[in-house]
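Q: Here the protein sequences line up with chains A and C, keeping their order. Each residue of the first sequence is one higher than the one before, counting from 113 in the numbering used here. Each residue of the second sequence is one higher than the one before, counting from 113 in the numbering used here.
It cannot be assumed that every hint is accurate.
One copy or two, it doesn't matter: identical chains are merged, so the pair holds either way.
Once the Cα atoms are required to be at most 27 Å apart in a straight line, the calculated DSSO-like pairs of lysine-lysine come out as [what the hints assert, rightly or not]:
{"no.": "1", "residue 1": "138", "residue 2": "474"}
{"no.": "2", "residue 1": "138", "residue 2": "222"}
{"no.": "3", "residue 1": "203", "residue 2": "138"}
{"no.": "4", "residue 1": "203", "residue 2": "222"}
{"no.": "5", "residue 1": "458", "residue 2": "138"}
{"no.": "6", "residue 1": "282", "residue 2": "385"}
{"no.": "7", "residue 1": "164", "residue 2": "458"}
Keep in mind that the hints were calculated from the coordinates and are not lab data.
Number of protein chains: 2
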Amino acid sequence: MQAYLDNNRATAVDPQVLAAMEPLLKEPVGDLNALHSLGASSRKLYTEAMEKLYAGLHAPEESDLFLTSGAAENHSTLMMGIYIGDILTGKKNAIILSERESPSMMEAAKLLESQGCRIHYLPLNAEGVVEVESLYDYITPRSALVSVPMVDPETGAIQPVGELAEICRKYDVPFHTDATQALGRIPVDLQEIEPDILSFSSETLHAPSGVGAVWLREGAEWMPMIFGRRNHYESYRGGPLNLCGAVGLGKAMELASDSLDFEMEDARELRDKLEEALREMEGVTPLVPWALRIPNTLLVAVEGVESEMMLAELAREGVQAYSYTIHPFGDWKRRALTDIFGLDPKLRHSTVGFALSRFTTKEEIDHTIKTFREALDYLRDFSAYDTKGEQV
Amino acid sequence: MQAYLDNNRATAVDPQVLAAMEPLLKEPVGDLNALHSLGASSRKLYTEAMEKLYAGLHAPEESDLFLTSGAAENHSTLMMGIYIGDILTGKKNAIILSERESPSMMEAAKLLESQGCRIHYLPLNAEGVVEVESLYDYITPRSALVSVPMVDPETGAIQPVGELAEICRKYDVPFHTDATQALGRIPVDLQEIEPDILSFSSETLHAPSGVGAVWLREGAEWMPMIFGRRNHYESYRGGPLNLCGAVGLGKAMELASDSLDFEMEDARELRDKLEEALREMEGVTPLVPWALRIPNTLLVAVEGVESEMMLAELAREGVQAYSYTIHPFGDWKRRALTDIFGLDPKLRHSTVGFALSRFTTKEEIDHTIKTFREALDYLRDFSAYDTKGEQV
Numbered sequence: 113m114q115a116y117l118d119n120n121r122a123t124a125v126d127p128q129v130l131a132a133m134e135p136l137l138k139e140p141v142g143d144l145n146a147l148h149s150l151g152a153s154s155r156k157l158y159t160e161a162m163e164k165l166y167a168g169l170h171a172p173e174e175s176d177l178f179l180t181s182g183a184a185e186n187h188s189t190l191m192m193g194i195y196i197g198d199i200l201t202g203k204k205n206a207i208i209l210s211e212r213e214s215p216s217m218m219e220a221a222k223l224l225e226s227q228g229c230r231i232h233y234l235p236l237n238a239e240g241v242v243e244v245e246s247l248y249d250y251i252t253p254r255s256a257l258v259s260v261p262m263v264d265p266e267t268g269a270i271q272p273v274g275e276l277a278e279i280c281r282k283y284d285v286p287f288h289t290d291a292t293q294a295l296g297r298i299p300v301d302l303q304e305i306e307p308d309i310l311s312f313s314s315e316t317l318h319a320p321s322g323v324g325a326v327w328l329r330e331g332a333e334w335m336p337m338i339f340g341r342r343n344h345y346e347s348y349r350g351g352p353l354n355l356c357g358a359v360g361l362g363k364a365m366e367l368a369s370d371s372l373d374f375e376m377e378d379a380r381e382l383r384d385k386l387e388e389a390l391r392e393m394e395g396v397t398p399l400v401p402w403a404l405r406i407p408n409t410l411l412v413a414v415e416g417v418e419s420e421m422m423l424a425e426l427a428r429e430g431v432q433a434y435s436y437t438i439h440p441f442g443d444w445k446r447r448a449l450t451d452i453f454g455l456d457p458k459l460r461h462s463t464v465g466f467a468l469s470r471f472t473t474k475e476e477i478d479h480t481i482k483t484f485r486e487a488l489d490y491l492r493d494f495s496a497y498d499t500k501g502e503q504v
Numbered sequence: 113m114q115a116y117l118d119n120n121r122a123t124a125v126d127p128q129v130l131a132a133m134e135p136l137l138k139e140p141v142g143d144l145n146a147l148h149s150l151g152a153s154s155r156k157l158y159t160e161a162m163e164k165l166y167a168g169l170h171a172p173e174e175s176d177l178f179l180t181s182g183a184a185e186n187h188s189t190l191m192m193g194i195y196i197g198d199i200l201t202g203k204k205n206a207i208i209l210s211e212r213e214s215p216s217m218m219e220a221a222k223l224l225e226s227q228g229c230r231i232h233y234l235p236l237n238a239e240g241v242v243e244v245e246s247l248y249d250y251i252t253p254r255s256a257l258v259s260v261p262m263v264d265p266e267t268g269a270i271q272p273v274g275e276l277a278e279i280c281r282k283y284d285v286p287f288h289t290d291a292t293q294a295l296g297r298i299p300v301d302l303q304e305i306e307p308d309i310l311s312f313s314s315e316t317l318h319a320p321s322g323v324g325a326v327w328l329r330e331g332a333e334w335m336p337m338i339f340g341r342r343n344h345y346e347s348y349r350g351g352p353l354n355l356c357g358a359v360g361l362g363k364a365m366e367l368a369s370d371s372l373d374f375e376m377e378d379a380r381e382l383r384d385k386l387e388e389a390l391r392e393m394e395g396v397t398p399l400v401p402w403a404l405r406i407p408n409t410l411l412v413a414v415e416g417v418e419s420e421m422m423l424a425e426l427a428r429e430g431v432q433a434y435s436y437t438i439h440p441f442g443d444w445k446r447r448a449l450t451d452i453f454g455l456d457p458k459l460r461h462s463t464v465g466f467a468l469s470r471f472t473t474k475e476e477i478d479h480t481i482k483t484f485r486e487a488l489d490y491l492r493d494f495s496a497y498d499t500k501g502e503q504v
């Protein structure tokens with residue numbers, strides 16, 4: 113039996129998304145600039161896809177939304193644009209990021225730091241969220257950007273982006289949030305939270321990977337880094353449009369909105385079932401309080417067991433779980449989860465995560481619980497360490 | 113009847129490419145960094161796709177090849193990297209481009225020019241190709257880059273990139289060429305032509321759009337602009353890999369190599385049939401000599417007829433042809449084709465192009481010839497201008 117529970121990193125394409133894309137994969141697709149019938153039908157498909165994206169975000173008509181190749185492009189372009197347009201020109205003097213921003217934001221920050229740009233990192237509290245008040249320690253009217261993702265993909269912790277955006281408005285500092293992990297899991301309503309820039313990408317939205325988008329509040333600035341033909345849909349991002357990806361992303365956004373109640377109730381119920389079962393096992397501790405987490409995610413610290421060994425045991429039985437901390441993605445430093453959550457440093461390499469999707473079944477969760485329990489027994493018997501990590 | 117003849121801008125996905133991608137569109141796809149069975153199978157698929165790309169280009173094992181989101185990203189990153197790494201630092205002092213480089217190269221050049229960077233444009237001769245000797249007018253050891261695409265997508269003219277690359281080597285100046293329009297139409301063999309950087313993208317390779325790649329000769333420099341996790345496949349371009357796109361691109365490259373003889377003989381035969389028929393019509397002149405053109409392309413100047421009206425007439429009967437010059441992609445200037453080919457300036461808005469693919473049939477070409485002849489008669493009767501563009 114297979115149980116794919118790594119849905120905060122990559123999701124299966126929804127069959128309805130594939131069905132929407134299929135005509136574009138089976139027939140010639142006209143370029144949006146083409147002056148023939150297929151060009152015209154492509155422009156119609158593009159408009160419909162964009163309408164679905166606006167609707168899914170409750171984005172005002174007068175705001176801007178444009179397509180990209182995904183999160184890494186969104187983040188790199190944002191950071192380079194702020195650096196070139198605001199920092200190098202001397203208009204602004206620092207960038208403020210969550211201490212657990214995405215790898216692409218962190219890599220860009222590292223590069224900018226090496227060029228002399230000042231970056232401040234907002235610390236997370238022991239519940240895994242950014243303390244809103246901590247922003248006051250760093251923000252000034254000369255801050256160039258504040259960026260905090262809506263949800264931490266590893267822990268599932270929901271960040272207080274509405275309140276952070278409000279503080280930024282007072283200082284007239286642009287606020288960016290990546291909504292990728294939030295879409296389809298919790299409401300993302302641009303009438304409620306008010307960032308200046310919101311970005312997202314396809315890979316956890318049951319859409320094909322390699323597509324993303326950036327939304328800009330009316331008047332927000334964005335410096336393009338990928339140049340090309342200049343027309344209505346390429347003013348922020350050049351190059352022939354990935355229409356098939358756009359259609360897939362639009363449909364995926366529509367389905368994410370339609371299934372939000374299901375994800376917040378039925379998927380949560382399955383996650384809670386898994387959480388209760390694991391919590392009852394000795395030395396297994398869920399991280400991030402239940403109420404602060406998106407409904408599909410459970411990250412646990414497991415005493416006396418190495419993550420990688422547990423993942424290998426689970427995978428043998430078809431359970432695909434995750435631990436991002438094993439391979440810490442590059443040489444920039446993030447504080448260990450054990451530090452953030454005040455756990456014994458011995459647990460640093462002992463976290464395992466489960467991220468469900470709307471396609472996860474009760475049978476898969478039952479199978480996961482059974483497999484995890486057996487793996488725990490086997491690994492602890494096998495190991496020379498007791499559950500507390502002390503050598504026997 | 114449909115006849116899709118805009119294949120230098122966008123191609124239909126080959127059914128075999130779709131078949132290769134389909135498992136990744138129907139089942140969960142593991143992230144390449146994931147520590148579970150799906151991560152492992154993804155890494156295997158990635159390796160196989162890359163092997164196909166190396167094989168298709170005859171690329172030496174020790175050279176580098178990495179995936180991107182396509183041509184606009186390839187070109188923008190190249191130009192920004194050269195600007196930041198070589199021009200701003202004062203190491204080099206100018207960039208040399210074909211006067212008909214791609215929109216993304218031209219837009220980037222325009223931006224760099226506005227920042228004070230010197231750009232030289234290599235002129236095309238009356239056959240639509242860059243004169244090799246003209247490079248000597250501009251190149252010096254302080255040139256930062258020379259870039260000329262292998263094939264002009266509008267005219268189909270094959271550029272002398274091998275000879276240009278040779279001159280660049282003498283001056284130790286990096287030479288870049290975009291091979292997109294050449295792949296699958298003429299041999300692209302990195303053992304024969306020797307650029308330092310070669311880039312291409314998927315949209316005319318019968319692969320889904322939104323994927324591309326950059327090849328680097330051993331020792332060639334590349335400054336990444338899209339940051340992310342750092343591992344073996346993300347050292348030049350960050351972000352979660354678009355595996356489905358990579359698998360599609362790999363398969364498309366394999367098929368392009370396999371069908372090269374077909375494209376160079378059978379597709380050329382169909383194109384020649386169309387060319388002969390159109391040449392016989394009064395006031396219809398093919399541009400670029402036959403021997404200098406890729407086998408799928410025919411661009412004609414049509415006396416006394418506006419491109420857009422001809423395209424509308426053709427489209428009514430299902431014939432999807434092209435004319436890029438109608439909408440000249442942004443406010444940077446390219447010399448009109450009529451100037452380049454020494455034609456009457458009245459023909460400036462009277463070019464129509466046909467780009468076949470390996471899926472084009474004899475029936476489609478017959479239908480195109482018939483439709484073109486009827487449209488020509490109708491439009492010239494309708495118009496107040498005679499075939500020479502003089503008012504009647």
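Q: Does each hint hold? Answer for all of them.
A: Hints, one by one, checked against the model:
{"no.": "1", "hint": "138 <-> 474", "result": "between (35 Å within a copy, 21 Å between copies)"}
{"no.": "2", "hint": "138 <-> 222", "result": "neither (43 Å within a copy, 37 Å between copies)"}
{"no.": "3", "hint": "203 <-> 138", "result": "neither (50 Å within a copy, 49 Å between copies)"}
{"no.": "4", "hint": "203 <-> 222", "result": "both (21 Å within a copy, 24 Å between copies)"}
{"no.": "5", "hint": "458 <-> 138", "result": "neither (53 Å within a copy, 40 Å between copies)"}
{"no.": "6", "hint": "282 <-> 385", "result": "neither (43 Å within a copy, 69 Å between copies)"}
{"no.": "7", "hint": "164 <-> 458", "result": "neither (47 Å within a copy, 44 Å between copies)"}
Hints 2, 3, 5, 6, 7 from the list above are not met by this structure, while the remaining hints are.
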